[in-house]
Amino acid sequence: DAGVTQSPTHLIKTRGQHVTLRCSPISGHKSVSWYQQVLGQGPQFIFQYYEKEERGRGNFPDRFSARQFPNYSSELNVNALLLGDSALYLCASSLDILSFFGQGTRLTVV
Amino acid sequence: QKEVEQNSGPLSVPEGAIASLNCTYSDRGSQSFFWYRQYSGKSPELIMSIYSNGDKEDGRFTAQLNKASQYVSLLIRDSQPSDSATYLCAVKRMDNNNDMRFGAGTRLTVKP
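Chains A and B supply the protein sequences, listed in that same order.
Be aware that the first sequence starts at 1, since it is given in the numbering used here, and climbs by one per residue.
Be aware that the second sequence starts at 1001, since it is given in the numbering used here, and climbs by one per residue.
FYI, nobody ran anything at the bench for these hints, they're computed from the structure.
Some chain A residues close to chain B (C-beta under 10 Å, calculated; not the full set):
{"hint": "1", "residue": "4"}
{"hint": "2", "residue": "33"}
{"hint": "3", "residue": "48"}
{"hint": "4", "residue": "90"}
{"hint": "5", "residue": "97"}
{"hint": "6", "residue": "99"}
{"hint": "7", "residue": "100"}
{"hint": "8", "residue": "101"}
Cβ coordinates follow ideal geometry from the N, Cα and C atoms, glycine included.
In isolation and in its complexed conformation, chain A is listed as follows:
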């Protein structure tokens, strides 16, 4: 079975641009969560979606948005990129209480 897949794996963007990150959960998993991990820190919760509805939102500005599609895949959008948005963006898929991460998207903002 395929695990959680994220695309792209690496991305370089310029300040002010926007970016879209994509995630496909494990087959059968209906919940997707997004996390941001800055170097040297633990992941920070951004969003959770379940059955296409937002179930939770972390302490991130409105420049961050997300959605979930009928096939349970998800997109994370970030507008007006700042240098501080440079991080590893992780998608986690879960069926019940356990969460499994994809390989992440490394975003560098220059």
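Position chain B against the provided structure of chain A, taking the given hints into account.
This is chain B only, laid out in the frame that chain A set:
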């Protein structure tokens, strides 16, 4: 006070020794507790979960939970160089399905 606190390390142990990793949390509403292993440049990998006070063993790993003291630990027996990684402690309230709060992680080095 951080919600989840871990010693950043580095923690260094010789091969074959027991590595002990500790974590404290501030939210008494936390009900689920997890340990993730993260190799450098990779994503976190779930290695243990624990929900009740006491010990839970899985192979060389033992998770320990004390809700009264708001303390979670991970013991790694017979440590191997391949165990060298950052270990992340995460906690979750049951009213938020996936809002996990992570510590900053403890970096473990196992020396041959």
